[in-house]
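Chains as they are written, first to last, in my numbering: chain A, 1 to 260; chain B, 1001 to 1379; chain C, 2001 to 2339.
What the hints contain is simulated information worked out from the structure, not anything from laboratory work. In this text, all values refer to a predicted model and were calculated from it rather than measured experimentally. Watch out, some of these pointers could steer you wrong.
With a straight-line cut-off of 16 Å between C-alpha atoms, the simulated EDC-like cross-links for lysine to aspartate or glutamate are [unchecked claim]:
| no. | chain 1 | residue 1 | chain 2 | residue 2 |
| --- | --- | --- | --- | --- |
| 1 | B | K1291 | B | E1267 |
| 2 | C | K2330 | A | D161 |
| 3 | C | K2300 | B | E1267 |
| 4 | B | K1269 | C | E2302 |
| 5 | A | K169 | C | E2197 |
| 6 | C | K2328 | A | E144 |
| 7 | A | K257 | C | D2293 |
| 8 | B | K1007 | A | D193 |
| 9 | C | K2330 | A | E252 |
| 10 | A | K253 | C | D2311 |
| 11 | B | K1007 | A | E244 |
| 12 | C | K2330 | A | E244 |
| 13 | C | K2320 | A | D242 |
| 14 | C | K2203 | A | D161 |
| 15 | A | K214 | C | E2197 |
| 16 | A | K218 | C | E2302 |
| 17 | C | K2328 | A | E245 |
| 18 | C | K2203 | A | E252 |
| 19 | A | K257 | C | D2311 |
| 20 | A | K167 | C | E2197 |
| 21 | B | K1269 | C | D2301 |
| 22 | B | K1057 | A | E197 |
| 23 | A | K156 | C | E2200 |
| 24 | A | K167 | C | E2200 |
| 25 | A | K253 | C | D2293 |
| 26 | C | K2204 | A | E244 |
| 27 | B | K1119 | B | E1108 |
| 28 | C | K2258 | A | D161 |
| 29 | B | K1007 | A | D67 |
| 30 | C | K2231 | C | E2197 |
| 31 | C | K2320 | A | E244 |
Residues from chain B shown here face chain A by an in silico Cβ test under 10 Å; the list is partial [what the hints assert, rightly or not]:
| no. | residue |
| --- | --- |
| 32 | M1001 |
| 33 | M1004 |
| 34 | F1190 |
| 35 | F1193 |
| 36 | G1196 |
Simulated restraints on C-beta separations [unchecked claim]:
| no. | chain 1 | residue 1 | chain 2 | residue 2 | range |
| --- | --- | --- | --- | --- | --- |
| 37 | B | P1274 | C | R2118 | 53 to 63 Å |
| 38 | B | P1274 | A | P229 | 17 to 27 Å |
| 39 | A | K257 | C | D2238 | 34 to 44 Å |
| 40 | B | P1274 | A | K218 | 16 to 26 Å |
We put the CB at the ideal spot given by N, CA and C, even for glycine.
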Amino acid sequence: MNIVVCIKQVPNTNEVKLDPVKGTLIRDGVPSIMNPDDKAGLEAALRLKDSMGAHVTVVSMGPLQADAVLREAMAMGADDAYLISDRAFGGADTLATSTTIAAAIKKLPYDLIITGRQAIDGDTAQVGPQIAEHLNIPNVSYAEDIQVEGDTVTVKRQYEDRYHTVKVKMPCLITALSELNQPRYMTPGGIFDAYREKTVTTWTVNDIEVDMDKIGLKGSPTRVFQSFPKSLKAAGTVVTLDGEEAADYMLEKLREKFII
Amino acid sequence: MNFMLSKEQEMARTLFHDFAENEVKPLAQEVDETERFPAETVEKMQKLGFLGIPQPKEYGGQGCDTLTYVLCVEELSKVCATTGVIVSAHTSLGTDPIKKFGTPEQKEKYLRPLASGEKLGAFGLTEPNAGTDASGQQTKAVLDGDHYVLNGSKIFITNGGKADVYIIFAMTDKSKGTRGISAFIVEKDFPGFRIGTKEKKMGIRGSSTTELIFENCIVPKENLLGQEGQGFKIAMQTLDGGRIGIAAQALGIAEGAFEETVKYVKERKQFGRPIAKFQNTQFQLADMKTKIEAAKLLVYRAAVAKDTQKIYSVEAAMAKLFAAEVAMEVTTKAVQLHGGYGYTREYPVERMMRDAKITEIYEGTSEVQRMVISGNILK
Amino acid sequence: MNLQDYQGVYVFVQQVDNKITGVSFELIGKARELAAAMETEVTAVLLGSNVSALCDELAAFGADKIVMVDNEALEPYSTEPYAHAMTAVIEKYKPAVVLYGATAIGRDLAPRVSARVRTGLTADCTKLEVDPETKGLRMTRPAFGGNLMATILCPEHRPQMATVRPGVMQKIKPMKDAKAVVDKFDVDFTPNHNYVEVTEVIKKVSNKIDIQDAKILVSGGRGVGCPENFKLLRDLADALGGEVSSSRACVDAGWAEKDIQVGQTGKTVRPNLYIACGISGAIQHLAGMEESDVIIAINKDENAPIFEVADYGIVGDLTKILPVFTEKVKEAMAARQNG
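The task is simple: from the sequences and hints, build the whole structure.
Now the structure itself:
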């Protein structure tokens, strides 16, 4: 079985802070990490590899620095890695991104494609289903459990108030939730092998078959009109009180606001 | 000269850091207070290959370099010095001598399970009357047909009672002095071998430190490590490597205490402002950080020397001497900057200060390191 | 593409077990504002099996027109038949705008449809406006874990599509006896390789009120200290007639269930009263609750960012404050009932 896992290198948004004076984002020194949902997707693929044997290929679209997450994936146990990187892909929205990634995946053997539900920098959750559409294969989103038997994947598909058990024939695409599993750690030897014995194949726009009008900024229907740091509302009053006094203070405020 | 870690070393550091934060730090206080050996952590580390980082892949090790192993001990020791020394004693003292001096058969039988972490290793040199003066060995080994018979005892043995394989030193010919010492690979189940008293210690309290007792202990002849009489050389060369591990532990302790202190001085307010705003705090931090960086360079250089030089005794001795003294100084200052809270168990710096002290003592006291360094200068 | 051929604001109506999901009404409410600014109408797209009875409700909440695709293939929800139906609706009716709830269904369906019709899609919007000049849709959404807001346009493609975060838009007060024009639209569903089989539907058993529907939330963070202390929060919530919610830290620590998590990766809430107990107020958390009408924060750390959004901040020990406060609330409530 050939499994392709799509992973993205993202800034650790938990460590992005706002400059209190300028009101801009401080991105300097924010570490880059493998997107958590993608890591869960990779772990799911590696578990299938462990239990039934599979060849796991990781694919990432991004700048050359994204090499690091592909090495990390191989240090966890992925077999090979492809980096889709070209200036021509720059400025892509989800539609152009998914078009590009789908064109790359078309060149690879695949039975099962796993993507994370969403990336923590963009939070769109759109690229996975869009890749499936471009490849004309079924997708099942929000997987909490993945089982493979023969040519059928059984997925526990999460909704707000329920689960569906979905059976889908391969080839298909599954989007994984970080709740799916606890991803394994790399091993030191795996890291050394990933850098010294394995390679990351870089594909540029010349290596994939794709319509130039459908990639990059030009192929993106959406445009960022403006972006701005989130404004917080004006600060209220802060008092230092304990026990009885604090309780009285809160009660008074709730009465003022007609809450009780 | 290049002061950058390689990409693989950087990634390995991230791995060790994440593991330490997620798996080791949450247990550190409890392990210290209850003097409990963190067996669950050792099991996790075994699965991830942390117990065979610098060991060859052909024997089931990770095939990494000494510096990567140092990064592991350093990151673990930032949050828990107990866990750091378990890895260090196992790797440098318990496993390395078999890699370096073992026969192909010994490597197959012992290096393989030690490198994979399936078995834990330890090293027994120190005796009640043979500490800094290791030549005063009183444990005796007498050849009797196809086996040696060992009698005597060892003390202060790290991983004692937890290890499966022990490198034990004993006199095979007292008349030859240090040239009469031999090294043996002793399994925990060999007849006549038992674990004695467990020490109650000031620091690294989760580390199992015990006495080893040999009463007509039968060791097969093929478990002689190296040649008869080579034991002292094996011990000294092994300790050169071990000192790099302890230096890494000391460095980690210092860094851990420093990070806690930086966090604390930003939070703690006195006289209406965070104590980080006071020049005394600032200058203390500057000194602490500078010394940590200096120690780090010595420790990393010693690690690289181990992989690139035949002899690295001086590099290892300097690294351990300096890193241990920095650990003691930084942790003491860390407690001071925490004030009264620093003296309580509410903050980890008091544990770190207790843990730091041992790095000036074991695997050669600071005085021994000075002897090694000055001996080399004046030779 | 002639942009002028595309007219009208369309809302994908999410129904589950033939019950319309709240966000659909919120979207219709917002669509009315957008349609007014664009001088057009609001059309609800109702997909499902035996759903015609839902039309009046959609009219009451503000739909002018309803396009209904009623077919067995649409029960239960599954990506391909729904994507197929939505695509057919878009191709036939050529809407200018299509809105979906940013739910587990909407965020699965909308991307598939957008790729099929090759138009733009903006995810998880929290604000929608009409550009006064171009009449195009301005879609604003948080990015970077809520640190940044981005306004997105879809200038050259139609329809302009967005998924919209539940709990953010306001539904209108239902209009009694309102009627909408219902257009029953037949779509051919011939199963192909993209169809999957739903073999089981397991509803999560929960008698808890969804925190998004609660008027009062008592919310706990890492500063609550231990899972046992959540009892203090529950007691207060019960006294106030509210619910307990939590920050991500507590969910990660296993102290609280995921379905009560507030924030960027949890739920967005805007209750009348939000009491943040031991929550430091990471931006990801603030993103999910700062629209609450009144925010009270209790935290030991006077520098906690939560105090920057709190109307009333109390620096103190919640384990000492909450039990006393709960008793006083109970007394006040009892006095009000007796009085």
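Can you give the numbers of the hints that this structure goes against, from lowest to highest? Structure breaks hints 1, 2, 6, 11, 15, 16, 18, 26, 30, 32, 33, 34, 35, 36, 39 and 40.
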